[in-house]
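One line per chain: the protein sequences are D and V, in this order.
Under the numbering used here, the first residue of the first sequence is numbered 1, with each subsequent residue one higher.
Under the numbering used here, the first residue of the second sequence is numbered 1, with each subsequent residue one higher.
Possibly wrong hints are sitting among the right ones.
As the list claims (entries may be wrong) - Listed next, the in silico BS3-like pairs over lysine-lysine satisfying Cα-Cα at most 30 Å (straight line):
1. V/K243 <-> D/K26
2. D/K26 <-> D/K72
3. V/K243 <-> D/K100
4. V/K387 <-> V/K94
5. D/K100 <-> D/K72
6. V/K94 <-> V/K69
7. V/K262 <-> D/K26
8. D/K100 <-> D/K26
9. V/K216 <-> V/K262
10. V/K387 <-> V/K216
11. V/K262 <-> V/K243
12. D/K26 <-> V/K387
Keep in mind that the hints were calculated from the coordinates and are not lab data.
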Amino acid sequence: MSTPRSRNIRVTEQTRPVLPRHARLKFDDTRQRWVILAPERVLAPDDIAVEILHLCDGERSLAAIIDQLAVKYAAPRDEIGADVTAMLQDLADKGFLADKGFLAEPREAPP
Amino acid sequence: MSEAAGTPTDTPIDSLAVLEARGTTAEAFGIPLAVLAELTHRCPLQCPYCSNPLELERARDELTTDEWKRVLGELAGIGVLQIHFSGGEPAVRKDLTELVRHATDVGLYSNLITSAVLLTRGRLRALADAGLCHVQISFQGSDAASADRVAGFRNAHAQKLDVARWVRELDLPLTVNAVMHRQNLHQLPDIIQMAVDLDADRLEIANVQYYGWALKNRAALMPTLAQIEDATRIVEEAQARLKGTLAIDYVVPDYYALRPKKCMGGWGRQFFNISPTGKILPCHAAETITGLHFESMRGNRSIASIWRTSDAFNRYRGTGWMPEPCASCDYREIDFGGCRCQAFALTGNAANTDPACTLSPLHERIFRTAEAEASGEVSRFVYRNFKGGTPEADTHDDA
Chain D
1 MSTPRSRNIR VTEQTRPVLP RHARLKFDDT RQRWVILAPE RVLAPDDIAV EILHLCDGER
61 SLAAIIDQLA VKYAAPRDEI GADVTAMLQD LADKGFLADK GFLAEPREAP P
Chain V
1 MSEAAGTPTD TPIDSLAVLE ARGTTAEAFG IPLAVLAELT HRCPLQCPYC SNPLELERAR
61 DELTTDEWKR VLGELAGIGV LQIHFSGGEP AVRKDLTELV RHATDVGLYS NLITSAVLLT
121 RGRLRALADA GLCHVQISFQ GSDAASADRV AGFRNAHAQK LDVARWVREL DLPLTVNAVM
181 HRQNLHQLPD IIQMAVDLDA DRLEIANVQY YGWALKNRAA LMPTLAQIED ATRIVEEAQA
241 RLKGTLAIDY VVPDYYALRP KKCMGGWGRQ FFNISPTGKI LPCHAAETIT GLHFESMRGN
301 RSIASIWRTS DAFNRYRGTG WMPEPCASCD YREIDFGGCR CQAFALTGNA ANTDPACTLS
361 PLHERIFRTA EAEASGEVSR FVYRNFKGGT PEADTHDDA
């Protein structure tokens, strides 16, 4: 099992974003909306943020995610890219984004 | 303890809004997003500013494992998303892991708010395996001797450091909680560095709030205005320098404020806690207000029904109960008149304007009292315990 890096992330197209273990995307049945559960916080991502976060599986690079969204919305790649990067950087600055891209080689989980 | 449990710290204008910051959580969402479960009042530490009431609830009266499980299921069912396991020291309860697992099973995000001194590496791993999402460890200072003195517990600081490292080794997020007062505010830069060295995600710097045990110890704890000004400057510098590495939340002491804090986000608006014996409370200090009856989950009413309709919750909800100067104040829906417990403690009437507010007729007097106590001679603590408190000198005689 590998631990993705989750500190001091600068989001670039090479980033392979994923929510860390402590930030959980969940559909809240009571309020009928998606939420991110984080330490002593509940965040309310909007529809676009939710769509982006569903693509953040730690496998896709940010470049691939932007490509996919640009095709789907038939929008200029630059514009989509800037918005998506800003949204994820904001999440990273709050400590709620991990980056599997930073991991050069898998390391063992602590015993 | 976690004053930050429902505290807004972010503006909700970006695409990832903090729900608490809306200010209309109760109206918009009906049920609090997070609930504080005080599993026990038992604790090996004796901190003189403990947020528990002076009259601690006894072990024999605590909710059973099955009762707590029923609570957790009921909370998840009505739409609560997070549970904070707190105390006292929650790890005193032998069923803590079982309760965390149950919280996971019913879909609750679980936070452990702990003094850490009872946790072993094995127990922490079991908690992580049970689905624990986040650990908050309280620290009493940055150096062992003074921190252990505040805690009234030998070797507490060293144990906390060990547990904090295990938390990060298990890849659990870590919040360092540091309660600040006159006798440790000079350690603030070292405490910030300690949190960085421990690889904490978050540092909660909470100035003591003066109810219950802390009110009893106010003269020994009250900071000077100069200390607070230094602290604010140090925190702001650190927040900028450590962005992306360590998030820092800062709770200022309101005796020196101009405006009162929006305590608990407003009475009965977005928060409740559950006492060790199952009472549903608008805040963990609410029982200091006499004349209110708090219902228990052991009665015949659901938690949701107690939250929505009980007299204790409705007494200070909204703005209708307010006398002047609150009633006609432009800030009445911003700070809801401040803190009801503080109003009661300092004026004898919980409906009065919190004296932390400059519009309170008592504000000037409170400010002068704080200044006088901060420059006074008292430095000995009264330690928190089930006997109603033990003066520090006696403890030393015993040793």
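We went through each hint and held it up to the structure:
Distance check on the hinted pair: V/K243 and D/K26 sit about 26 Å apart at the alpha-carbon level, within 30 Å; holds. Between the alpha carbons of D/K26 and D/K72 the distance comes to roughly 24 Å, so the proposed pair stays at or under 30 Å and holds. For the hint linking V/K243 to D/K100, the alpha-carbon distance of about 21 Å falls within 30 Å, and the restraint holds. For the hint pairing V/K387 with V/K94, the CA-to-CA distance comes to about 23 Å; that is within 30 Å, so the pair holds.
Our distance criterion of 30 Å between C-alpha atoms is met by D/K100 and D/K72, whose separation comes to about 25 Å. With a C-alpha separation of about 14 Å, the suggested pairing of V/K94 with V/K69 holds against the 30 Å cut-off. This hinted pair checks out: V/K262 and D/K26 have alpha carbons roughly 29 Å apart, not beyond 30 Å. Pair hint D/K100 plus D/K26 holds up; C-alpha atoms about 21 Å apart against a cutoff of 30 Å.
A threshold of 30 Å between alpha carbons decides the hint, and for V/K216 with V/K262 the separation of about 23 Å falls inside it, so the pair holds. As the CA atoms of V/K387 and V/K216 are separated by approximately 14 Å, the hinted pair is consistent with the 30 Å bound. Taking the CA atoms of V/K262 and V/K243, the gap is near 26 Å; set against the 30 Å cutoff, the hint holds. With a C-alpha separation of about 45 Å, the suggested pair D/K26 and V/K387 falls outside the 30 Å cut-off, and the hint is violated.
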